[in-house]
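Trainee: Each chain, letter by letter, is given below.
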Amino acid sequence: MNAVIAQLPVLILVVPIVGALLILLAGKVNRNFSYPVTLATISFQFAASLILLSAVMTGGTIHYYLGGWPPPMGIELVLDAFNSFVLVVILAMALLTAVWARQGAALDIPPEKTVPFFVVFQLLVTGLCGMTITGDIFNLYVFVEITSIAAYVLVASGRGARSLIAGFNYLVLGSIAAGFIVLGIGYLYVATGTLNMGELAAMLPASYGLATVHAAFLFLMIGFSIKVAFFPLHLWLPDAYTESPAVVTILIATATSKVTAYAMIRVIFSVFTPQYITESFPVTEVILIIAAIAIIAGAVLAIAQDNLKRMLAYSSISQMGYIMFAIGIANQIALEGGLLHIMAHAVMKGCLFMVAGMIIYRTGITGIHQMSGLSRTMPLTCAAFALAGASMIGIPPTIGFMSKYYLVLGAVEAGQYLAAAVLLIGSLLAAVYIWRVIEIMYFGDHHEGALHSGPEAPLSMLVPVLILAASCLLLGLFVDIPLEIIGPAVTLLLGGS
Amino acid sequence: MRENVVIRTVSRLSIPFIQLFSLYVIVHGASGAGGGFQGGVVFAASFILMLIAFGLSGIRGRISEKGTMVLAATGVFIYAGIGLLCILFSGNYLAYAAIESALGIPHLHGLLIDLVEAGIGITVMAVMTSIILDFADKEGNIRD
Amino acid sequence: MKKLALIAVLFIGIILFWAVEDMPAFGDPDAPANQYVAQMYIERTLPDIGIDNIVTAILASYRGFDTLGETVVIFTAGISVILLLRRGEQL
Amino acid sequence: MILVIDFALLLFMIICALAAITVKDLLHATIILAAYSLIMTVLWAEMNAVDVAFTEATVGAGITTVLFVAAIARTRRRSGD
Amino acid sequence: MIEDLFALFLSRYNYWMAIILMLIGLYALIAKQNLVKKIIGLNIFQTAIFLFYISFADVTGGTAPIYLPEGPGALYVNPLPHVLMLTAIVVGVSITAVALSLVVRIYQEYKVMDEDELLEVMRRP
Amino acid sequence: MTLDTLPLLALLAPLTAAVLIPVVGRHENLRESVTLIAAGSMVLMVLAMLPEILEGGRISITLLPLLPGGDLALRADAFGMIFALTASVLWLLNSVYSIGYMRALREHDQTRFFFCFAIAITAAMGIAFSANLVTLFVFYEILTLITYPLVVHVGTPEAMQAGRKYLAYLLGGGICLLAATVVTYTLTGTTEFIPGGFLAAGSGTALSLQVLFILFMAGFVKAAWMPFHAWLPAAMVAPTPVSAFLHAVAVVTAGVFGVVRVAGWVYGTDLMAALGLGTVLAIIASFTIITASLFALAEDNLKRRLAYSTVSQLSYILLGVSMLSTAGITGAMVHIPFHAFLKITLFFGAGAIIVGTGREAISDMRGIGQKMPVTAVMFAAAAAGICGLPPFCALFSKVFLSLGAVQAGELILLGVIIASSVLNVAYFFPIIYTMLIARPSDERTLDGIREAPLFMLIPIILTVIASIAFFFSPGMPFLDLSGIALAEINGGVLP
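Residue numbers (the working numbering), protein chains in the order written: chain A, 1 to 497; chain B, 1 to 144; chain C, 1 to 91; chain D, 1 to 81; chain E, 1 to 125; chain F, 1 to 495.
Don't take every hint at face value.
Claimed, not checked - The list that follows gives simulated cross-link-like pairs (lysine-lysine, DSSO-like), each with its CA atoms no further than 27 Å apart:
#, chain 1, residue 1, chain 2, residue 2
1, E, K111, C, K2
2, A, K28, B, K66
3, E, K111, D, K24
4, B, K66, A, K113
As the list claims (entries may be wrong) - Here are some chain E residues pointing at chain C (derived, C-beta under 8 Å):
#, residue
5, R12
6, I19
7, M22
8, F56
9, V59
10, H82
11, L86
12, V91
13, R105
Note that these hints are calculated values from the structure, not bench results. Don't be surprised by glycine CBs; every beta carbon is placed ideally from N, CA and C.
Use the sequences and the hints to build the structure in full.
Mentor: Shown next, in the form of structure tokens:
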């Protein structure tokens, strides 16, 4: 048994790769076989991630040398408190999305396309896991590319032809981003001669003064910012989230953006160091300003939208600003808030996008103004929306409030009162765009509500939504449980032991 | 159609050589320039040539779209499988040394690398063929 | 759009040219890039793996996982094109 | 001596790149791109990157070109810019 | 002075050329309206990055990283960037294939291939 | 079941009801029974805590480690008890009343109404028992959100507009409260309420502490102090039980409760005096008292006039705190329950009039006292009580406040109190006159007007009886409780 656990870091990547092949082969036999295999594979990954997390929490950081070659020659997988936490979060989201997809996928994916769809879906999840646990910066790039290609195609696989355009734009910007990331990696390699993240962190400080290192930092930042869709590099995101199939939106909004943000934080804090961004190349102020603009601008744009998915997309831009905000503050508490927000945002955005998908599934409605009285026909769905929405606004004691509290606390502690104020204004703006939907759903004109008498969505869609909605509340109440993992993770990032 | 006769004849003659060459490239990877990618692409090139020369209908019997992805999966599976085999022989993933020591055969490294390269080659070949077949329209034209 | 593109390109260009000034000279054997890990590969491939082509040795053994990832990328591309282009249900 | 050839190749590549993005006929642009890739191959071979050069020759100049031609055959050959 | 500049040029010209190519590609990728042109730009951009990598892998007087009879003692060029670029090339062609298939699909749906026309399409209800 | 769990149980009772209400929502009687049982048991639990508190004890329980700076912790102390007792008893009466009101008007979405009500009272109890700023904030925000559906219950565009205003003010206030909490934590490393305050002069610069207080005041916009009162009259579109809840049971009361908490348990009277914050508070309070009374005079809509009356009356509490004297603070504390009992009677009366006649404008109410004698008399009694006439309990709070003003040597404040009492009479007397004495020009307009249902009358009568009872036995329990609370703040000296 121990031998199996020792091999889990790689099995969590290789089993799903083989699983993707099996999905293909099973789907060749019968189209309906592909879904169970997908679900089984992702379940395995989720279970493995839980085991790995507990192993990391008890036994400390795990290093796995692929091919038995120790770094710097070989590639290593590293699991520490930070990324095993992220791993659990994204795999939980992926699992729930997969459950949701049992019926939700049929909404946008024609039946004859289900098999390749699920293969790509599985590959995307695998790529995300790889991005999360790799300890080699070029290997990170390879997984970024697996993830990206899968994501471009999934976005473009919608029924509506507009998804193709959204996918293409995503591809163009994503490729620019990938190019920048490779360039950044190249500069890092030129400066140090190694690709292992741990070694880079140790060797880079010697050449912190070089323009090469600064350029590497800038390119990696620009690249990842495009991938995460940090304002103002978010141009691909609204279309991609709006036009892509509901399942894909959920997965990309929750897992992909989170892992990319993770990778960015990893690069900033574990390849470079907190000292680098505060002293050698002081960019925290700039990051903070951009984050503040992102928070406000994203929220304001969200308020202006009528399409529910597009509104949520802009809200994502605003919310990702919070994570950037944490990077800009870069102290213990703010980063705890940032990591907490990675989880919080995944949970609540997943819930909200699932609800948006279910409304489309049952009624075909996308416009917010058409949703009046929806709470009568879909009470549970709307209740989930309200709860997740409250979390998005930051109403205590939901998880969304907890992360914002930490961020504000961190900002105040760092003396950034103005930034804290921006954060609070952002959550007030969030109240405006979320509340508008809740108001229409619950208190809208009742006569129109009778028009679309679709009942609640099927159970396989309802259960993940309700789980996520409940998590918004429970994770908030029992926030000390994730914090027990996040605390050491942040200490690790900030260079402690 | 008439000017195609030349192309067809030349193709018929050259395709076996191209394929043989690609196999050489794959195997030669360990000792000189070459390897799975290059070999796989060259092999796929032979199919492309076939496609250009005979059209989609003309190659129906020899390659079909249906099989390509299974072949591609097989290639990935060979690679991933060898890695898993290493785990079975209680080494780390892709640690060929584990197989060497478990089987007691020295210098297995080169052979395993060849196998891995073959896996890559199969995948590349199959995927490239599949992509080209998908790009070709119904008549099999990839020309104006 | 064109103006925006020019500004973006100019911005990136400035960073790139700025960074090049601090890079080791072209072909410098003592550059860090050509020293540390690179030399290890050159020295260890023969005893460790026993094949002549160092590139293949790194590709398939030392950094074999990268290569697995890249095979998966190709596979993804293949299945993606099928998802996008192919009509009907043949796989 | 080798420097001059090197420099000429690089210069020629830049010309190719500029041409590839400016000609209005996409098929021509594709062929120019193939030429660009081939020069790149030569350059890399000269820099002793034989494996990469081989790959670029087959993938960059080969498969990519075929893909472009196939895609252009199914769409439009003229480009507005 | 002039000699210094010339020496600087000699020691860096490969990088400079790679950067110029990169910028040409990037410009095409952002500014060109035609979708295929964008992908051509993408190819140029990627290849330029590969050139950049291969450039810093070069060692004056080194030979290709395939063992000569004298074994590890000889001067070889750096093999690692070559490996990385092999991977990147394959990734590049994969992206090109996906991008081109997207273009073909877009053309099938809308019969347009220019970005401003596509924006028009997107704006249509 | 130990004493420690009682605060928690007092919260859980309505929360359980909130869970059960949607489940049994189809069966009205069962649903209402759930509400009443929960309300009744909550009163019992609060009463069970009373002896311990009156002996000067405290009941603390930590529920969850929530955040740095504050676990989710409950603590019942004397001051919290004043609010808790008021809220729980009035909720029971209000529930009885709501049942009558909602049924009489055949309102829609009654299940949602009672569900939100149950959660709102949970939040109110949470505010009463919160042991630190974080817990206070958490329940404060829940209260804001859950009362929103109550405010917009009728669902008309006008109501939605009012609801948006309500939410904008209160969420904005919540944000400020959060900011204030965070800053407090950063300055001191704790947010736990400590009698006499935990902020010290050295915690920050004087300016920062003053700004922090302003932030707190902005946070307690629920107290409806002017000029941030606009949400309260707007929220009058809500059904009357909701208005009663907003004004008397929980929301506005929670606002002033928060101000007193911060003044006595975060800053402490000494620091307040040193920073000159008493003056700030006094200015705000005086301005609000006078202006709101004038607004009330000009208002013809009965409920809106009552709303301005609340705005004015609750600022008495702020005024009392601003004096920073023993009598002033005592007056402030006891004014919370005394005002609540009287004001809820007024709202109950207004609601009964709406149910009985459908009229809301005071000018339309000529002579309705003939047809609705009980309602009208009780209304008149409560109005007289609010004006500070015997034999009603509010007299005591006003006496204490006046005493406090004298004690503090602030004769201007005394003037404010006297002036506002005159204004009180000025805006209440016309109502009484119209209802009881005036005759309508056309007697036939009174046809068809009947007394409100029994379910509504009983609470009205009970609240009036209670306020008379408090007059004759002022000590029990509120004055005693405030004495203990004051002793806590001042370090043990009873007034």
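Trainee: Taking the hints in turn, state whether each one holds.
Mentor: These are the hints, each one checked on the structure:
Straight-line distance between C-alpha atoms of E:K111 and C:K2 comes to about 24 Å, which keeps the hinted pair within the 27 Å bound. The suggested pairing of A:K28 with B:K66 holds, with an alpha-carbon distance near 9 Å, which does not exceed 27 Å. Taking the CA atoms of E:K111 and D:K24, the gap is about 18 Å. The hint holds against a cut of 27 Å. Between B:K66 and A:K113 the alpha-carbon distance is near 14 Å, which keeps this suggested pair within the 27 Å criterion.
Contact between E:R12 and chain C, as hinted, is supported at the beta carbon level, the nearest pair being about 6 Å apart and thus within 8 Å. Taken as an interface hint, E:I19 checks out: its beta carbon lies about 5 Å from the nearest beta carbon of chain C, inside 8 Å. Here the hint on E:M22 is kept, as its CB sits about 7 Å from the closest CB of chain C, short of 8 Å. The restraint placing E:F56 at the interface with chain C holds, with a minimum CB-CB distance near 5 Å, inside the 8 Å limit.
For E:V59, the interface hint holds, the least distance from its beta-carbon to any beta-carbon of chain C being 5 Å, beneath 8 Å. Interface restraint check for E:H82: the shortest CB-CB distance to chain C comes to about 5 Å, inside 8 Å, so the restraint holds. Using the Cβ-Cβ criterion of 8 Å, the hint placing E:L86 at the interface with chain C is satisfied: the shortest such distance is roughly 6 Å. The criterion of a C-beta within 8 Å of any C-beta in chain C is met by E:V91, whose closest approach is roughly 5 Å, and the hint holds.
For E:R105, the shortest C-beta to C-beta distance to chain C is roughly 6 Å, which falls under 8 Å, so the interface hint holds.
Hint violations for this structure: none, all hints satisfied.
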